[in-house]
Amino acid sequence: GNSVTQMEGPVTLSEEAFLTINCTYTATGYPSLFWYVQYPGEGLQLLLKATKADDKGSNKGFEATYRKETTSFHLEKGSVQVSDSAVYFCALIPSGGYQKVTFGTGTKLQVIP
Amino acid sequence: DTEVTQTPKHLVMGMTNKKSLKCEQHMGHRAMYWYKQKAKKPPELMFVYSYEKLSINESVPSRFSPECPNSSLLNLHLHALQPEDSALYLCASSQVMQGSTDTQYFGPGTRLTVL
Chain A
1 GNSVTQMEGP
11 VTLSEEAFLT
21 INCTYTATGY
31 PSLFWYVQYP
41 GEGLQLLLKA
51 TKADDKGSNK
61 GFEATYRKET
71 TSFHLEKGSV
81 QVSDSAVYFC
91 ALIPSGGYQK
101 VTFGTGTKLQ
111 VIP
Chain B
1 DTEVTQTPKH
11 LVMGMTNKKS
21 LKCEQHMGHR
31 AMYWYKQKAK
41 KPPELMFVYS
51 YEKLSINESV
61 PSRFSPECPN
71 SSLLNLHLHA
81 LQPEDSALYL
91 CASSQVMQGS
101 TDTQYFGPGT
111 RLTVL
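Just so you know, the sequences run in chain order A and B.
Everything in the first sequence is counted per this note's numbering, starting at 1 for the first residue and increasing by one.
Everything in the second sequence is counted per this note's numbering, starting at 1 for the first residue and increasing by one.
Bound-form chain B, shown alone (with noise of 0.2 Å):
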């Protein structure tokens, strides 16, 4: 079983709004991974937690907020988010294994749209 679980499917939010992001994976991964992406460009970086702990923030600004509280769980809070940050959303996760390259696997990903 190679999936990687996505709630909600698509969110509309205004500006002032705080929602959040769900992420799942029962693989048994330990790296797990927000990318945005928005139409016609590829997925972008965000956040990469290793074993629960925040491993890469690539400059994302404050108002995307992550947490990993488990192995299995990841989520993207967000609050105060402007109209550009309407993109898909993706989630992945992979294996850590030291001296070999992990696969990644992505989720069915978030389509937010903010007002």
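Extracted from the complex, chain A is given alone in its bound form (with noise of 0.2 Å):
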């Protein structure tokens, strides 16, 4: 079956720090990767996605690179604010129509001034 692991939080940066969130999957065929962040008290909003090989997903200064090859999708960025304080979530859906999403545990950013 499909699988999602994240690295354990909370990872506590400073704001201005570099993040690195880590991810891998274990999937058959070619799905699509997704990053979600969920604020507190909020519904998960979707950050950005990558739907092939060497695709690179981006968006409000966050990036992830699908990476068949190490079967990675690692959240990446330069300069991290206390806004983006969340748990953020790894996912995945296999390709072909709607299907069910296999999300990873998430991980609890906490950016600190």
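Simulated from the structure, these hints should not be mistaken for lab results.
Careful: at least some of the hints might be erroneous.
[Claimed, not checked] Restraint-style ranges between C-beta atoms, simulated for each label pair: (1) A/Gly41 - B/Met15: 18 to 26 Å; (2) B/His77 - A/Pro40: 27 to 35 Å; (3) A/Ser79 - B/Asn70: 42 to 50 Å.
Computed from a prediction, not measured in an experiment: that's the story for all the values here.
All residues carry an ideal CB built from backbone N, CA and C; glycine is no exception.
Fit the two chains together into the complex; they arrive one by one in their own frames, and the hints show the way.
Have a look at this one:
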């Protein structure tokens, strides 16, 4: 079956620090990969996505590259802000029509001033 | 516009009450989903509707009853819930495109507390 593994949190960083949240996956075929963000007390927001190998998704200064050879989709940001404090979920959806999302366990990010 | 709306935002109910959660999208999406999210956990899929027909039921207890009255609306009817059903209930929607992957867009959720 499909699975997504994320680094354990919480991750605590100072403002303007570099962020990496690791994500690796196991899946058959060619899934699409996603990062969702959940701010405290809110629903999930799509942060970025990549649908094929070597694609780079980017949004709001965050980036992630679909690496099929290492089955990874690590999330990076060059300079985090306090407002980036949230829980980040890596996810995959198999190809072909509507499908069940497989989520990672989530990584909580705390950015301190 | 990638907005999914949900009402109410918060709901407190007793174990004998009957209540409904509502979800709406106007993106022309033909698949809609209900998820349950417990604290510090990822969302868990409950139901999937595709073209207003129930496609997936993840062995959810019958005290949860979904309904999709049209392509824009999704309801979740609640009856005789248990305190362990307290959670954030998320609605999502996606297009249904054969041969490609459908991105799911989530609503803000309904925070349900069962007393």
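Now for the hints, and whether the structure bears them out:
Taking the beta carbon of each, A/Gly41 and B/Met15 are about 25 Å apart, inside 18 to 26 Å as hinted. In this structure, B/His77 and A/Pro40 meet the distance hint of 27 to 35 Å, their C-beta atoms being roughly 29 Å apart. The supplied range of 42 to 50 Å is met by A/Ser79 and B/Asn70, whose beta-carbon atoms lie about 45 Å from each other.
Going down the numbered hints, you'll see the structure goes against none, and every one checks out.
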